[in-house]
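Colleague: All chains should be built: construct the whole structure from the sequences, respecting the hints.
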Amino acid sequence: MAGQDMVKQAEIRGFITQINEFRTAINTFKIKYDAMPGDMGSATQY
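Position 19, counted from 1, in the sequence shown is what my numbering calls 48; the numbers after and before it change by one each time, with no gaps.
Hints listed in this document are in silico derivations from the structure and should not be mistaken for laboratory results. Heads up, the beta-carbon is just placed ideally off N, CA and C, and yes, glycines get one too. Don't take each hint at face value.
Restraint-style ranges between C-beta atoms, simulated for each label pair [unchecked claim]:
no. : residue 1 : residue 2 : range
1   : S71       : M30       : 46 to 56 Å
2   : D68       : Q47       : 33 to 43 Å
3   : N56       : M30       : 36 to 46 Å
4   : A31       : G67       : 41 to 51 Å
5   : G67       : T46       : 15 to 25 Å
6   : D34       : S71       : 48 to 58 Å
7   : A39       : P66       : 25 to 35 Å
8   : I48       : M69       : 17 to 27 Å
9   : Q74       : Q47       : 22 to 32 Å
Modeller: Below, the structure is given as structure tokens:
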């Protein structure tokens, strides 16, 4: 039982890490291009 709990906790931590990495990437994109990824009308200029 304890081993299963540790595996679950590691999966959850990994998921939270991924969410934070996505959030950072989106914010970096927004700052650089002043638009949200996937919603950039002037994308052909870049």
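Colleague: Now look at each hint and say whether the structure bears it out.
Modeller: Structure-based check of each hint:
For the pair S71 and M30, the supplied restraint of 46 to 56 Å holds, since their beta-carbon distance comes to about 55 Å. Checked against the given bound of 33 to 43 Å, the beta carbons of D68 and Q47, roughly 22 Å apart, lie outside it. Separated by about 39 Å at the C-beta atoms, N56 and M30 satisfy the suggested range of 36 to 46 Å. Distance hint check: the CB atoms of A31 and G67 are about 42 Å apart, consistent with the given range 41 to 51 Å.
Taking 15 to 25 Å as the suggested C-beta distance range, the pair G67 and T46 conforms, at roughly 22 Å. At roughly 49 Å, the beta-carbon separation of D34 and S71 lies within the given 48 to 58 Å, and the hint holds. At roughly 29 Å, the beta carbons of A39 and P66 sit within the given window of 25 to 35 Å. At roughly 22 Å, the beta-carbon separation of I48 and M69 lies within the given 17 to 27 Å, and the hint holds.
With their beta carbons about 30 Å apart, Q74 and Q47 fall inside the hinted range of 22 to 32 Å.
When held up to the earlier numbered hints, the structure conflicts with hint 2 and nothing else.
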